[in-house]
Amino acid sequence: MSTPAVIFIVGFLAATLRVATPLIYGTLGELFCERAGILNLGIEGTMFLGAFVGFAVGYHSGSLWLGVAIAAVAGMVSGLLMSLLAVRFGVNQHVAGLGITMLWTGVSLFSFRLIFGESKVQPSVDPFPQISLFGDTPIIGTIFTQYLLTYIGILLVPLVWWIINRTRFGLQIRAVGENPEAADAAGLNVYAIRTYALMIGGALMAVGGAFLSLASVGAFTFGIVAGRGWVCIALIIFANWRAISVLWGALIFGGVQALQLRLQTLGLKLPYELFLSLPYLVTILALSIAGRNAAAPSALLKPYRRE
Amino acid sequence: MSKFRIERAPAPMWVRPLIPFIAIPVTFLLTSALVLAAGANPLEAYYHFLISPLSNSYSAIEVLVKSTPLLLTGAAVAFAFNAGYWNIGAEGQLYAGAIMATFIGITLNNVSPFVGIPAMIVGGFVAGMLWALVPALLKVKLNIDEVVTTLLLNSVVLFVTSFLLNGAWRDPISMWPQSPEIDPGTVFIKLIPRTRLHLGFLLALVVIVIEWFVLTRTSFGLKMRAIGYSREGARFAGIKVNRTMLTVALVSGGIAGLAGAGEVAGIHFHLIDALSDGLGYSGIVIATLGGLNPFGVGLAALFVGLIDTGAQSVSRALGVPVYLGDVVQSTLLLVTLSLFLLNNYRIRKVEA
Chain A
79 MSTPAVIFIV GFLAATLRVA TPLIYGTLGE LFCERAGILN LGIEGTMFLG AFVGFAVGYH
139 SGSLWLGVAI AAVAGMVSGL LMSLLAVRFG VNQHVAGLGI TMLWTGVSLF SFRLIFGESK
199 VQPSVDPFPQ ISLFGDTPII GTIFTQYLLT YIGILLVPLV WWIINRTRFG LQIRAVGENP
259 EAADAAGLNV YAIRTYALMI GGALMAVGGA FLSLASVGAF TFGIVAGRGW VCIALIIFAN
319 WRAISVLWGA LIFGGVQALQ LRLQTLGLKL PYELFLSLPY LVTILALSIA GRNAAAPSAL
379 LKPYRRE
Chain B
19 MSKFRIERAP APMWVRPLIP FIAIPVTFLL TSALVLAAGA NPLEAYYHFL ISPLSNSYSA
79 IEVLVKSTPL LLTGAAVAFA FNAGYWNIGA EGQLYAGAIM ATFIGITLNN VSPFVGIPAM
139 IVGGFVAGML WALVPALLKV KLNIDEVVTT LLLNSVVLFV TSFLLNGAWR DPISMWPQSP
199 EIDPGTVFIK LIPRTRLHLG FLLALVVIVI EWFVLTRTSF GLKMRAIGYS REGARFAGIK
259 VNRTMLTVAL VSGGIAGLAG AGEVAGIHFH LIDALSDGLG YSGIVIATLG GLNPFGVGLA
319 ALFVGLIDTG AQSVSRALGV PVYLGDVVQS TLLLVTLSLF LLNNYRIRKV EA
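Residue numbers (my numbering), protein chains in the order written: chain A, 79 to 385; chain B, 19 to 370.
Think of the hints as simulated: they come from the structure by calculation, not from any bench.
Where hints are given, some of them may not hold.
What the hints assert, rightly or not - Computed footprint of chain B on chain A; a stretch qualifies when at least three of its residues, placed anywhere within it, have a C-beta under 8 Å from a C-beta of chain B:
| id | segment |
| --- | --- |
| 1 | 166-178 |
| 2 | 310-318 |
As the list claims (entries may be wrong) - What follows is a list of derived Cβ distance ranges for each label pair:
| id | chain 1 | residue 1 | chain 2 | residue 2 | range |
| --- | --- | --- | --- | --- | --- |
| 3 | B | TRP194 | A | GLN342 | 42 to 50 Å |
| 4 | B | ASP189 | A | PHE167 | 45 to 53 Å |
| 5 | A | SER376 | B | LEU223 | 23 to 31 Å |
| 6 | A | GLY168 | B | LEU223 | 46 to 54 Å |
Glycine is no exception: its CB is placed at the ideal position from the N, C-alpha and C atoms.
Please put together the full structure from these sequences, using the hints given.
What follows is the structure, encoded as structure tokens:
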């Protein structure tokens, strides 16, 4: 193969991992919520909040990792709010989730203006460094020069699989997501388990957002999340609610976007907007083929009330 | 001596309409933390929010202008929700209506308003229906969750919009990503000269009244509400659930499409990327605040229009970031949603 082709493909693969990272965090977060029976449409806003909080803390403290940590805490607060509405009060999950997305979007924009004013110069931080796993080895060395958060994200996939499928806590999450009445009868605290799942989920979503502001961009822009949360909602269906499939789904989605970006830099006149809408259309197509998404947790969207 | 006891039972009928009015002060209490953080006096801020937009006729009319698309997206969402069809796609359907209206507006040339305006209205409605068609068909034919499909199509329509604006419709003169201006014959007439209030407002009010009539005075409305209450029950009662749901979904999309046509034909006169910026999602807020009742939706849309206008006046007068309006709107939604639970409780006096 000619060298330019190799450079193109290597660059494409490296970009795919980068683009897939926030999707991996977001989708794993949503996985916790949905396996526990809660559709969390607050994901888009929680990622936005994570991007803002991560950036604001990182900017002012000088520690990007502190930014990531506080973003995770903010994500937990978001999960707690969703739990209050959808678990405690048992209100309509679609409306509650969208309300949370609108709330965090508004709160983040408001706070950003308050903290950083309306300066013409976009405040920015030196983003996380990329870490090379294989040094100067050709091809593999380039592909695996990534942010630490990307490596952590990839490792989280088997970890989340293990937690959900092999631990007691995971069993409890699945129990309250499939049959809360039976779980309650077996002595589980349905409210508490759903709340924990939402908080863990919120933290993961927010870290996905913080990755965008602290690693890929190094700044907080108003369009930073740009529907990635909705992509995660699609991915979870695509992955049939299974942790391992989340990785493949995120890589495919990331790949489509990375390819589009690469082709654009090559100066090819492509209707890139149509490229960008492909993942959404493919998901709808996948849904139609898979038909009655049988793998969805049985108690998804159903509030549980203790009588 | 008598005591009070709270028990789980449907609250009296008069509680439900009161809930949004309790929610408003609670929301202002909660959001005053942000006003204080911005170094402003909450009372002063809420004066600018609620009173100063109504203090002169220009800004009062501006409230109606802001409410116009909200009346329509709110009515669209409420119509679907009444039948238990969770249309989250009003945002996308609005853009579909706007794209079609733009297409009609830039294609027609020197057309009479008697042809141009009806064409815009019909075009917007039909495009909204078409954008709602795929999720609706998937729902009734394959039982695929409409929330996810309508939500995903919202993102797709934004890509279609920017595809058109960066390609075929890019303004050839300014090269901005905006379409050429629509033909004067397709512009909605002004209801009050020298203001931005246009025909769309009247159209929205007509839609609200028709929706109220359909919901409460026709057998179709009865069927819709039966399905919303219990799909299985309705099916058991012999109602054609799928056919009704399909119609509801399409009409809901059509109404949202009207909102998009109105923004193009009455406000912007060309298509832009940021045409809506969440009007469809606000429709969900408004439908919820209005308790899914068309007249409630009307009041809620006017109130949200007031908040939108007020946020700008707070920002101008006190330097509080304009995004306070978004925070107030979403907090109001979440508070109202929670307070609706009061419906399930009743306070009873017990003699000791």
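Each hint, compared with the structure:
1. With 10 residues having a Cβ less than 8 Å from any Cβ of chain B, the segment 166-178 of chain A passes the three-residue criterion, so the hint holds.
2. Figure legend: the segment 310-318 of chain A, annotated as covered by chain B; annotation consistent (3 residues with Cβ-Cβ distances under 8 Å, at least 3 required).
3. In this structure the hint that B:TRP194 and A:GLN342 lie 42 to 50 Å apart at CB is violated, the actual value being about 20 Å.
4. Against the hinted window of 45 to 53 Å, the Cβ-Cβ separation of B:ASP189 and A:PHE167 comes to about 49 Å, which satisfies the hint.
5. At roughly 44 Å, the beta-carbon separation of A:SER376 and B:LEU223 lies outside the given 23 to 31 Å, and the hint is violated.
6. Hint check: A:GLY168 to B:LEU223, Cβ distance near 35 Å, so the stated range 46 to 54 Å is violated.
Hint violations for this structure: numbers 3, 5, 6, all remaining hints satisfied.
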